[in-house]
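Residue numbers (UniProt numbering), protein chains in the order written: chain A, 1 to 327; chain B, 1 to 274.
In case anyone wonders, no lab produced these hints; they're calculated from the structure.
Ideal Cβ positions, reconstructed from N, Cα and C, are used throughout, including at glycine.
There may be inaccurate statements among the hints.
To be verified - Among chain A residues calculated to face chain B with C-beta under 10 Å, some are:
1) 53
2) 64
3) 104
4) 132
5) 166
6) 184
7) 188
Unchecked claim - So the derived list for chain A, only partly shown, Cβ under 10 Å to chain B, looks like this:
8) 141
9) 148
10) 154
11) 203
12) 280
13) 318
14) 325
These are the residues of each chain, in order.
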Amino acid sequence: MNHTTQLPDHRSEGVRNGAAAATPHSARSTERRRPASPQWAAWAFLTPVTLYLLLFYAYPLYRNLDLSLRDYTVRSFVQGDAPFTGLANYREVFADPVFAPALLHTAVFTAVCLVFQYAIGLALAVFFHQNFRLSATLRALFLVPWLLPLIVSASTWSWMLNSESGVVNAALHAIGIGPVNWLTSPSWSLTSVIIANIWIGVPFNLVVLHSGLQSIPASLYEAAAIDGANAWQRFWRVTFPLLRPVSAITLLLGLIYTLKVFDIIWIMTKGGPADSSTTFATWSYRLGFGNLLPAFGPGAAVGNLLVVAALVFGLVYVRVQRKQALS
Amino acid sequence: MSRTRRHTWVKTTTGVLLTGIMLFPVYWMVNVSLTRDRDMRKSPPDLLPLHGTLTGYHTVLDEQLPYLGTSLVIGLGTVVLTVALSAPAGYALAKLRPRGGGILGFVLLAAQMIPGIIMAMGFYAIYLRLGLLQSVPGLIVADSTLAVPFGVLIFTAFMSGIPGELLQAATTDGAGPLRTFWSIVLPISRNAVVTVSLFAFLWSWSDFVFAGTLVNGGAHEPITLGIYHYIGNNNQQWNAIMATAVVASLPAAVILVLAQRYVAAGVTAGAVKD
Numbered sequence: 001m002n003h004t005t006q007l008p009d010h011r012s013e014g015v016r017n018g019a020a021a022a023t024p025h026s027a028r029s030t031e032r033r034r035p036a037s038p039q040w041a042a043w044a045f046l047t048p049v050t051l052y053l054l055l056f057y058a059y060p061l062y063r064n065l066d067l068s069l070r071d072y073t074v075r076s077f078v079q080g081d082a083p084f085t086g087l088a089n090y091r092e093v094f095a096d097p098v099f100a101p102a103l104l105h106t107a108v109f110t111a112v113c114l115v116f117q118y119a120i121g122l123a124l125a126v127f128f129h130q131n132f133r134l135s136a137t138l139r140a141l142f143l144v145p146w147l148l149p150l151i152v153s154a155s156t157w158s159w160m161l162n163s164e165s166g167v168v169n170a171a172l173h174a175i176g177i178g179p180v181n182w183l184t185s186p187s188w189s190l191t192s193v194i195i196a197n198i199w200i201g202v203p204f205n206l207v208v209l210h211s212g213l214q215s216i217p218a219s220l221y222e223a224a225a226i227d228g229a230n231a232w233q234r235f236w237r238v239t240f241p242l243l244r245p246v247s248a249i250t251l252l253l254g255l256i257y258t259l260k261v262f263d264i265i266w267i268m269t270k271g272g273p274a275d276s277s278t279t280f281a282t283w284s285y286r287l288g289f290g291n292l293l294p295a296f297g298p299g300a301a302v303g304n305l306l307v308v309a310a311l312v313f314g315l316v317y318v319r320v321q322r323k324q325a326l327s
Numbered sequence: 001m002s003r004t005r006r007h008t009w010v011k012t013t014t015g016v017l018l019t020g021i022m023l024f025p026v027y028w029m030v031n032v033s034l035t036r037d038r039d040m041r042k043s044p045p046d047l048l049p050l051h052g053t054l055t056g057y058h059t060v061l062d063e064q065l066p067y068l069g070t071s072l073v074i075g076l077g078t079v080v081l082t083v084a085l086s087a088p089a090g091y092a093l094a095k096l097r098p099r100g101g102g103i104l105g106f107v108l109l110a111a112q113m114i115p116g117i118i119m120a121m122g123f124y125a126i127y128l129r130l131g132l133l134q135s136v137p138g139l140i141v142a143d144s145t146l147a148v149p150f151g152v153l154i155f156t157a158f159m160s161g162i163p164g165e166l167l168q169a170a171t172t173d174g175a176g177p178l179r180t181f182w183s184i185v186l187p188i189s190r191n192a193v194v195t196v197s198l199f200a201f202l203w204s205w206s207d208f209v210f211a212g213t214l215v216n217g218g219a220h221e222p223i224t225l226g227i228y229h230y231i232g233n234n235n236q237q238w239n240a241i242m243a244t245a246v247v248a249s250l251p252a253a254v255i256l257v258l259a260q261r262y263v264a265a266g267v268t269a270g271a272v273k274d
């Protein structure tokens, strides 16, 4: 993170923890108080973004809440005179036979992706931290999956995992394993989208954890080496504990972003076959847009459940970050 | 050869191998894009494009150029809108100490956590009423929501580092807040402008959710929908699909080569990606 924003005079506190979000708060408390600038000027600069937030975040969110509390049909969606039905859409969603599997898939997808992305990302970060020849270049190349448009990654994985002509099944065949119907079998579809999503998420974990490793003083490793600690012990006794704040931030952000993954699953499997890879995100979209007869109300209701989940973890994230900025 | 030298060599080899494994899907995309139609269903598939053909790329040039043009326009529009909104906000939050600025910062953070499909549904309901569905400006506004909170974070972080004395000197010389911002703060913040612009462009170029809900079936569709329609319509011509994917990946490649340090900066700071 030290190399991130190239601040002219660089404050180190609050910047260490790997996310710039903390900087505004910590910067304010550490800086010497100047005579206050006129408030009108400050808010003149902030007005555009405030209006923007109200119009393009708050209002769509409000519309979505409104959608979930009314009984919308295609006709009333256009005319805007749908009757208010309270929580009926939510009751309908909870009673839907898709609810339990969607909840399970969302939880499994998020948990498995997080564990593997973090573990692989950390292993690679430690490896690249050794600064060998070409290490910086190779580390940059690792960013490619993260930078590609999701539709590109998703369609590439779709073709690689194709049952008849995919390279993955060809490789399995070469070592004597029969073909797997990655995308067309209900027992494999969730695994397939998880694999693709892990591939996309590893670079983020690698880069953030690598920048966290750089803030651990080399003298600690030297001291541990003098005390006779081997590489394995040095990792578990020095690296891992000292990396805990960065790890917490990485995992929480990863959690929030994995919860709302939609593109990958929709493009690769559309949540199918037979809802076997349906998560809340794809279910919500399918209800609202995927059928000939859109169910905007229930779709918005599912979406709002997702918003609540994301915001709960978002609050945890803010708390963790505040605590780290203070300490 | 000394022992440590050999040690580094082993590490470099391992690193190259790991990178190769990680980037195999990217290689495979290129390989398939160069494969002839009749070899597409070959089992096992050719690992190298020995009988390479550019048919797929000809198809891209014939059919996908309008999509690419639309994506370019939308990307540039998103960049302009994002920087115009977030740079002044960053300046105010970093240097002008507005009352209630902390709350605004918190709202921006929370805004990043709202799933894209929720935003898309809300935008759909609003645009339907306003008649803005299938319009390019509408999509630009929607795409900018991907980048504005991130932009404010980056600008705030960067601009807090500008020395207060510099701004005070400007005030002493009689410059008002607007002039200080335009002639001093913005030029110094060039790196932040580049970072924010790169990510705003990349995210709007890659956007699929908003495009799929807001401009699907319209006269101007971005390249992500071009690929999506391809997958839906012709399941056979995977060389053309992958060639489109390769072309759609070019901005990411260019950005990685030309602006690597800005990319690493963006990932670590705020680190937002749908």
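Inset, instruction - Kindly indicate which numbered hints from before are broken by the structure, ordering the numbers from low to high. - result: 3, 6, 7 and 14
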